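K.L.:
Both chains are sitting in their own frames, so use the hints and assemble them into the complex.
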Amino acid sequence: MLGGSHTASITGVGNTKYSKKADRSAGLLAIDAVMSAARDAGIEPQEIDGLIPYPGHIGDDILQAELDLKPRFRTTVDMGGCSAVSALRIASLAVASGAAKHVLLFRGLKGSSGLRKADRPSFLPGQPFRRHLEHVHGLNTPAQRYALLCQRYKHEYGLDRRTLGEIALAARAHANLNPDAQMYGRDLTMDEYLAGRLISDPYTLFDCCLETDGASAVIVSKRNDARDIRILSVAEAQGVSPDDISNREPFLDIGLTQAANDVWNELGVGPNDVDAAMIYDCFTFEVLHQLEEAGFAGHGKAAALIADGGIRLGGKLPVNTHGGMLSEGHQAGLNHVIEAVRQLRQECGQRQVEDARLVAVSGWGQLGDGSFAVLGGQNV
Amino acid sequence: MFEPELIPLPDLSDPNFVPFWEGTKEHQLRIQQCEDCGTHRWPPRSTCRHCRSTAVTWVPVEPRGRVYSYTIVGRPTTKGYANTPYAVAIVALDAPSNIRIIGSVVGIEPSQLAIGMALEGRFTPIGPNGEATLMQWAPAGAQA
Ligand SMILES: [Zn+2]
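These protein sequences, in sequence, are chains A and B.
Under this note's numbering, read the first sequence as residues 506 to 885, first letter to last.
Under this note's numbering, read the second sequence as residues 51 to 194, first letter to last.
If we strip away everything but chain B, and leave its shape as in the complex, we get (with noise of 0.2 angstroms):
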């Protein structure tokens, strides 16, 4: 198991981020999207790549998405994740498919996952005071 309350908390006040965070605080995935050409972009950038607007807005999404590749861990390298091994996953998402988020992996056995594995969002408080909340991925359809 990880240790939420030992992860070290980025900047939450990162213009770039508040309403990536505010997200997760109410359980919901939200990125970019361009407000000009309507596409979907991640990780945050000012810019679309796709027309150079730089007005965006943030969208929900549905937390659902398959296993795109992933790591098992087998070493220690972050506060929160002294215990190995443990897995993180790039997922695709179902939609809008052109986006990956980037995810530790619960509610699994590590070597029990394969790409193509569908997953869904698992919302948990992080932080010494659960200051923030971290969208983590665990099998589609498991229990909490």
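This is chain A alone, in the form it adopts within the complex (with noise of 0.2 angstroms):
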């Protein structure tokens, strides 16, 4: 049995509409979706007893005291955009000890119509050097930065602006058949995309990922009933000098290079064997350098798995079915996961990858740190 048969589960995912401007505060955002993953786990929220919330978001606080939660274990994974993935290990590691049953991860936040990512604390490292050295030059957004890296990239490997066009439209098309998807509806086209407005070239509008309004929950637990979906490995590890891009040498290197590595060796299967992958997809560049790092593509060569629908439904890797975070909603990547599930249960009608049986799921955050794991069901 891959992975063994003491991996932790995920037995319940559950979340709310996405939208730009939702109805509701945040707190009942997050009850909404934290409800829905327990009645998907089969469990009274009581039953609840581990919490990792995200960090900077609606509090668990708030949580315990509508739910009447009793947690014995709690804790926060702060590292951005890959605390979703990298809270998966933790909640894994804490079933198997016997600190908790059922760990909830959640995030809830009204990121669109309350306060918006420029306006909101910035959780970043290195707060300190980067107003001495680069809030004063002007830079001073995760768009700004990572164009670093895409500018790079494209010096040394090449890039043509339609293949991150075509990452763009693929994640929108994929969103066209979900209907929780904040872009649900909204087609986008090759045109529409190359005259997007110029937002850090080589980004523009639609290489960026949306500002959601709305919540996600996903529940850990010791458990391997017919429907869980197992953790069959997961790991985490941080790029060179992982508060800075500047000086980081090899350039690229990110933590993903790392994590995926050892997901692939632990659990002795490699990137051509999971059926998708959901890659954290705050730009477009992110995801192609992502699928580089985790070992789908080789260095440059991704572009070419990009190409003719390959990352698309029915191609040779579909690549965030539920329309990522470019056109799902940004739910900091507990919405790959929530997707992961939804496949490997094969409940995703229209967008469902065939007898998908093994999916990966990507996190990056903080200028470089990476997460990666591998889910599967109980037959694989």
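The set of hints was computed from the structure by calculation and includes no laboratory data.
Please read these numbers as outputs of a predicted model, since none were measured by experiment.
Ideal placement from N, C-alpha and C gives every residue a C-beta, glycine not left out.
Take the hints with a grain of salt, since some may be wrong.
[Stated by the list, open to error] Restraint-style ranges between C-beta atoms, simulated for each label pair:
1) B:103 / A:627: 27 to 35 angstroms
2) B:77 / A:618: 46 to 54 angstroms
3) A:691 / B:179: 44 to 52 angstroms
4) A:859 / B:158: 46 to 54 angstroms
5) B:62 / A:618: 34 to 42 angstroms
6) B:88 / A:755: 18 to 26 angstroms
7) B:108 / A:665: 42 to 50 angstroms
P.N.:
Below is the structure:
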């Protein structure tokens, strides 16, 4: 049995619709997602005895009070966009050790109609040197920093704008099969992509992920019922000089390289064995970059995988079948975990990857922290 | 053009950066060097990654280098940089060649910037009363 018979499982997932402007508070959104996840797991909310809230968002105190939860285990994972997948690992360890039976990962935020990213406190490490060395030069957003990585990649390997465009278009096409997606019902053409206004070259509007109102929840348990999805292997790692891109060497080194390698080695399977991948997509290039670093394509070779529908449903490796953060919504990657679970349970309807047995999920945060997991059902 | 007087000043009394800002005031680029093994490092840190020594000195280096990567910002996100587009580059110093310095680029149309282009430091007072001096980058050899 892949991953051994004692692996932790994801037993419940839940989410609200994702939107630009929700008509409820972030707290109510979170409660909605958590109640859905508990129902999905077939447990009462009171059985949840572990909590991993997303740092800086709706807090666990509110949730505990509202739902009368009595956690025995509580922590946060402060790794930006790789928090969700890294939290899967902490939750797995917690249930394996007996520290908790059911650990809830959740996130609820009005990230679009409430305070937006630029107005929320930054959790990025290295704030003092950023104020002295970056902000004074007009460099202060994730899009600008990641554009620096993309530009260098483009210089080293070559990169056509249409390749990035196809990443955005594939995400949108998938979102159009997902009624919960923020961009459901809104097509995107290559011409529209190419006409997107400049954000931070090479990034234009449609290279950037959404800001979203919504909530997501995932429950990790020590249980292996037929419908539970096992966390077969999960790992995390950080890039060289994790707080700084400018003097990183190798410049394109990220934690995912090591994390994915650890997972492949532990499981004894490789990139060709997975049926779909949910790749953290803060920006289009980060999808391409991670596909290479996780081994789905060689260095400089991901464009060939992405061309000709390779990352769309029916392609060689369907990527972000929910629409990702580019088109489903920004849930800091927790929505990627949820989609992987639903694909493996064959619950995805029109956007189902046929016979999905193994699905990979990546997380990326804080300029280079990476985490990676492979999930599978009870029969692999 | 950027608006130097509107750029929010960092804490100029932060001991980790005092030598840096004193240097730019004298139109010098100063970076850190490990006193024990001689390794140059940037951004400023308290410990040498090479030998773990915390003994550090600041040394002037030639503010010359080549564009390692860059971005052209199309939408204003910081005070002092309301006028877009503007370019920000990571510049690899000619010497020591293991050091890269981030800076906004002046004196060139952003669209003309390219990786590998030779740039040099350009020093400009910033803050409401010119309290600090910022080192930006400009094409090498161009007139100020
Ligand atoms: Zn040293």
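K.L.:
It remains to establish, for every hint, whether it holds in the given structure.
P.N.:
For each hint, the structure was consulted:
1. B:103 / A:627: 27 to 35 angstroms: 31 angstroms, holds
2. B:77 / A:618: 46 to 54 angstroms: 47 angstroms, holds
3. A:691 / B:179: 44 to 52 angstroms: 49 angstroms, holds
4. A:859 / B:158: 46 to 54 angstroms: For residue 158 (chain B) against residue 859 (chain A), whose Cβ atoms are near 53 angstroms apart, the range 46 to 54 angstroms holds.
5. B:62 / A:618: 34 to 42 angstroms: Given a distance of about 38 angstroms, which is inside 34 to 42 angstroms, the answer is holds.
6. B:88 / A:755: 18 to 26 angstroms: 23 angstroms, holds
7. B:108 / A:665: 42 to 50 angstroms: 44 angstroms, holds
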